[in-house]
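Listed in order, the protein sequences are those of chains F and Z.
According to the working numbering, the first sequence is numbered sequentially starting from 6.
According to the working numbering, the second sequence is numbered sequentially starting from 6.
In short, the hints are calculated from the structure, not lab data.
Given the structure is predicted, the values throughout are model-derived calculations rather than measurements.
Among the hints, a few may not be true.
[What the hints assert, rightly or not] Quick list of the computed label-pair ranges, beta carbon to beta carbon:
{"id": "1", "chain 1": "F", "residue 1": "Gly27", "chain 2": "Z", "residue 2": "Arg90", "range": "47 to 57 Å"}
{"id": "2", "chain 1": "F", "residue 1": "Glu31", "chain 2": "Z", "residue 2": "Arg90", "range": "27 to 37 Å"}
{"id": "3", "chain 1": "F", "residue 1": "Ser63", "chain 2": "Z", "residue 2": "Asp179", "range": "28 to 38 Å"}
{"id": "4", "chain 1": "F", "residue 1": "Asp36", "chain 2": "Z", "residue 2": "Arg222", "range": "48 to 58 Å"}
Glycine included, C-beta positions come from ideal geometry on N, C-alpha and C.
2 protein chains.
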Amino acid sequence: MIPLHGIPELEEGDDLPALIVGAAHETGFDDEDVLVVAQKAVSKVEGRVVHLSRVQPSQRALELAGETDPRRIEVVLRETREVVRARPPLVIAETAHGFVCASAGVDASNEKGTDTLVLLPREPDASAARLRERIGELTGREVGVIVSDSFGRAWRRGTSDVALGVSGIPAILDLDGQLDSMGYELHATQIAVADEIAGAAQLVMGKTDGIPAALVRGLNLHGDGLGRDLLMPHERDLFR
Amino acid sequence: MIPLHGIPELEEGDDLPALIVGAAHETGFDDEDVLVVAQKAVSKVEGRVVHLSRVQPSQRALELAGETDPRRIEVVLRETREVVRARPPLVIAETAHGFVCASAGVDASNEKGTDTLVLLPREPDASAARLRERIGELTGREVGVIVSDSFGRAWRRGTSDVALGVSGIPAILDLDGQLDSMGYELHATQIAVADEIAGAAQLVMGKTDGIPAALVRGLNLHGDGLGRDLLMPHERDLFR
């Protein structure tokens, strides 16, 4: 796990793949590396930011905001397909993509001034695919790409990074029917490898260190998955 | 992330710390290494196994079992404090420890013959602490220990390994009040590092490879956490 240092604060239109390749000049890229990029970095260069000063809160937002800024909740509601749970000002929402997470993934920007919110990328799988293609053009290497974000969990404290967008690697390893080391068949074991890689990368990216990307080397994963493979289909969802 | 090869199939009373130290003879242990050990290995040496042939299913087990073996569901129910959701034969249960997971963590043993089930350790934090102490005695090194297991997630497909028991490292990194790289204060960001380490280790342990332990080196974590720190308190749980 190799953190990529030296990527500056990002804004719309920045050439993120070029900045990542520059930050990786010491280690370079190998075929089969997995590049993990924080969602916030991707969203910023894609212009997925909202200025609170331009937001007018709705009645629903005022109700859900509690003591907090209703304009933030208004932005959350605009990113929301379905409110899964609300305990003002906490909103657990399903986004248009199908992610279930706090605040529909809407996040403070950490930038100067406090009035900017960052939304999730419109299509995280497409963002991951574009990054992968451009890194390939710049380096000649076939890497996998994950666009990651920190999600809470229903019954566990703290956040763990997960994969929103995936390109060039499997999202899930399906061991259904494979034999274990003793020769017995494993039944329906599906491992969310892309989420585990995202979480592993978080360990070296940190939250306070401002490192928006990391390389994970040596995993030897083959296949083509998508972040949306990791979404639980509604008919199998027991908790909505 | 270093997988520890060569640990044999385990049974009750085996000296797991000695087997782990033997398996790590090439890399050795460093202070601050985090040793991740699969729950199933810990449970087996602790004798937390049940033979199905000795189980008499209750009426409730017969109802929940669907077409599957009601004796297995009976064992699940005995490990259950509260059934959170049931869609026969799937049971999502809160265990006596407070974990919310499929089948109360009860798992097939993968061993010869199919009539043995493996339960979660009685006190995973105590199991982790004993492993840490014994590794310290055998190697003179101060390592952290995580006892890990594969859990499903409410709204995401596939499993991700999490930390059931923790010793010698923090379970959660609390960034509340810390400054990010731009000098802005982060609010209430709590990162479930022990879960992320467990997931990272799973990437090298695999499911089919029979590698019950791995070392994670270079994380530089300090503090004393417990697996039970990762449990969401009931009053903050929106999904039960």
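Evaluation of the provided hints:
For the pair F/Gly27 and Z/Arg90, the supplied restraint of 47 to 57 Å holds, since their beta-carbon distance comes to about 48 Å. At about 49 Å, the CB distance of F/Glu31 to Z/Arg90 disagrees with the hint of 27 to 37 Å. Between F/Ser63 and Z/Asp179 the Cβ separation comes to about 34 Å, which falls inside the hinted range of 28 to 38 Å. Between F/Asp36 and Z/Arg222 the beta carbons are some 25 Å apart, a value that contradicts the proposed interval 48 to 58 Å.
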